[in-house]
Amino acid sequence: MIPELGHFALILALALSLVQAAVGLFGAQRAEARLMAAAPPLATGVLLATLAAFACLAWSYVVNDTTVANVVQNSHSAKPLLYKLSGTWGNHEGSMLLWVLILALCGGAVAAFGSNLPSALQSRVLAVLGLIAAAFLGFILATSNPFERMWPPPMDGQGLNPILQDPGLAFHPPLLYLGYVGFAVTYAFAVAALIEGRVDAAWGRWVRPWALAAWSFLTLGIALGSWWAYYELGWGGYWFWDPVENASLLPWLAGTALLHSAIVVEKREALKTWTVFLALLAFGMSLLGTFLVRSGVLTSVHAFANDPARGVVILCLLAVFIGGGFLLFAWRAASMVPAGVFVPLSREGALVLNNLLLCSIAAVVLVGTLYPMFADLLLSEKISVGPPFFNTATLPLAAPLIGAMAVGPMLPWKRARLAPALLRLWWVALAALAAFLLCLALEGWRLGPALGFAAALWLMAGAAADIAERLALFSRPRAAWGRAKGLPRAAWGAALGHAGLGVTVLGLAGMGLATDRLAALKPGEAVTLSSYEFRLESVRDVQGPNWTARRATLAVTRGGRPVTVLEPDRRSFPVARMTTTEAAIHTTWLSDLYVVLGEERDGAAILRLHHNPLAPWIWLGAAVMALGGGLSLSDRRTRVAAPAARLAAKAARA
Amino acid sequence: MTKKRRRLWVLLLCGLGLGSATALTLTAFQDNLVFFRSPSDIAATAPAPDRAFRLGGLVEAGSVTRETGTDGRPTARFTVTDGAHAVPVTYTGVLPDLFREGQGVVTLGKLGPDGVFRASEVLARHDETYMPPEVADALKRSGHWNPSQGAAPPASSWNTLEPARRNGS
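For the record, the sequence lines run as chains G and L.
So the first sequence is numbered by our numbering: it starts at 11 and just counts up by one.
So the second sequence is numbered by our numbering: it starts at 214 and just counts up by one.
Worth flagging that the hints you see were computed from the coordinates, not collected in a lab.
Ideal Cβ placement from N, Cα and C applies to all residues, glycine included.
Accuracy of the hints is not assured; some may be wrong.
[Said to hold, decoys possible] Per the computed footprint, the stretches of chain G lying under chain L, defined by three or more beta-carbons under 8 Å from a beta-carbon of chain L, are:
| id | region |
| --- | --- |
| 1 | 357-369 |
| 2 | 388-399 |
| 3 | 603-613 |
[To be verified] Computed beta-carbon distance windows for the label pairs:
| id | chain 1 | residue 1 | chain 2 | residue 2 | range |
| --- | --- | --- | --- | --- | --- |
| 4 | L | 260 | G | 206 | 53 to 61 Å |
| 5 | G | 552 | L | 235 | 49 to 57 Å |
| 6 | L | 285 | G | 551 | 19 to 27 Å |
| 7 | G | 148 | L | 285 | 57 to 65 Å |
Go ahead and model the full structure; you've got the sequences and the hints to work with.
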């Protein structure tokens, strides 16, 4: 009964979203106030119906309803409750439902908090969101219905992929989707602006909080995924330039560019067409990401879905929304005239440089990600593009980006001179140089990590210099406190975001100094890795809720003093017939000790030991970036002009 | 600034961005594209010795030997076959959980002058029934497996080094 209710709610949501799209577009075109007023309640209706459908699916998972095919394929009664719940979105059908739920949530937010928007703009935005929701609801109902029944019901489900049974991954998809789908709102704003043929500062003020919220969630989602790959896959790495990882990086790059160019629209009324283009691009990349992950066209460690028929449908949706958006752009973009002067050497010029470099990086990553697919289709040549390609192709573009990141905020709007800005950064440059030389002195001739430390210091000290400059900390230190209280939160947020990237780069540079060692140890034997001694004490059998494991116990000492006891697992999941390695990690914040248990032979256990300096800061830096985004969202300016930010902040707290 | 000059600036910047991205992509592609080769491909044309590529096929039955080197590092030797030809592989490191004889496997590494493939990575998926698509393709090309006729044949029948055993089984 409950699954049928969910199915019905899904159909209801489809019908409502179709009406929402028609009423919004038609009403705005004819300036019919009554039709336009119908759009927000319809969006709320879509939200309620989708929420009901999602709740029904979650209920089926929690009670382990084995008459529902989706539950049978992805769940098992022996699974802990958290993973029963997260199993709801741990599969293709459920994750698409989550995608639509978040989209409906965004629509509901625009409906609830957009009452001070021009009504034509609001109903057009809601119409575009309704159109997207209708397309994806139709896709779910036609090709991947999560409520399909199964008769006769089997005794129990087949279980969830064990490497997905993890708290980090339970929350990774919702965060990632909040980011992906958040860009649907900026896309809807861009399409509405194109239809109206008008982009002004108010539009920029409206778009920026949405871009900021989506970007913050996406940052957190990517960081969580990377962290999961680090501790769960057991390879000791944090980023593999895997197609699915790239699929989430592409909207992040486009979104970062959008975030910055929206500032220019808001402050200077310039770069309008470009910002609209970026808004279309960011959502295009999000859809592409969904397509790559959900269609299984790419072989990848993360690709869990494999169904070409669904891929074709998502590809068609991608073509319609992106092709449609860009067609509209080509047709209408000329009607948007820039206002005011534009001088290359100025704050807005620096932001153009930022956009240029970010888009170049995105283009390189896009080509590297899609090339194997096209080579296979067109040349029938099996090719893979690995980390060396991405490193050599993106680093030369990232270096000037990081260099400009500290200088840009120092430049005034309209017209600037480079020399005063650089002069104010002298101590920042000195700090970076000191980090560079210190690393070379301590670690020997390791140019890559040394440059990384220099870049990290450059970014963090640069952010501090930006704040110090705004507070006039050095010229008038007495007034600094007063100025600090008066400084808009957006300024604090921007500095924090830039500093957060610096923290991440610090972690990356530290990982450049990581060492690892492979050893076959019998109980009682020991091995040393960068001044830590690892002694294997025992290997024994352990019984878990839905797995059995071999567990090694290692005592770690440094200079004779005990540091910690590490217990890596090698788990076998009988239901899924899979084996996973569970790494044991001890972190001191300055470094991670990381041990993986391999196979056993001749009474010896094969262990892979890693010493990863500064590893936790990679993900903490991302959290700092997201925090900067949140702080910027809470700025009075966005709150007064665009109440939608309030919702995003509320969502961030929830 | 006049409209004309602004347009010139925009074009120049876009050209610069696109140009540098293209140049970087092309140079990086030149050195870093990793091709997939089946054992039959290697028998047909020997790959360049200093270039990394991916070798895939089935792990031949009875070919896996494990030893511990003088420095305590575990090394595995095995043979990767697509039915028609086979290539010996050495790998130092922790083998994936589902590395078995007869299992489809993809390895990344370089071919030594002695004809032994030195793998730096061995990829086997976390799923017992999984067959890497490249390997499936290689098996089809060598005419040893038609996927429409069911699962891959048992590993023992792939043994190319000992033809007698293949005929006997």
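| task | Take the region 357-369 of chain G, compare each residue's beta carbon with every beta carbon of chain L, and decide whether three or more fall closer than 8 Å. | result | holds (count 4)
| Is it true that residue 148 of chain G and residue 285 of chain L lie within 57 to 65 Å of each other by Cβ? | Distance hint for residue 148 of chain G, residue 285 of chain L holds at roughly 59 Å.
| said: Can you confirm whether chain L covers the region 388-399 of chain G, using C-beta to C-beta distances below 8 Å and requiring at least three such residues? | reply: holds (count 8)
| said: I want to verify a distance hint. Is the separation of the beta carbons of residue 260 of chain L and residue 206 of chain G within 53 to 61 Å? | reply: holds (58 Å)
| query | Taking a Cβ-to-Cβ distance below 8 Å as contact, does the region 603-613 of chain G have at least three residues touching chain L? | reply | Per the Cβ count (4), the hint holds.
| message | Assuming the hint says 49 to 57 Å, is it satisfied by the Cβ distance from residue 552 of chain G to residue 235 of chain L or not? | response | Given range 49 to 57 Å: holds, Cβ gap about 54 Å.
| Does the Cβ distance between residue 285 of chain L and residue 551 of chain G fall inside 19 to 27 Å? | holds (25 Å)
In terms of the numbered hints stated before, the structure departs from none.
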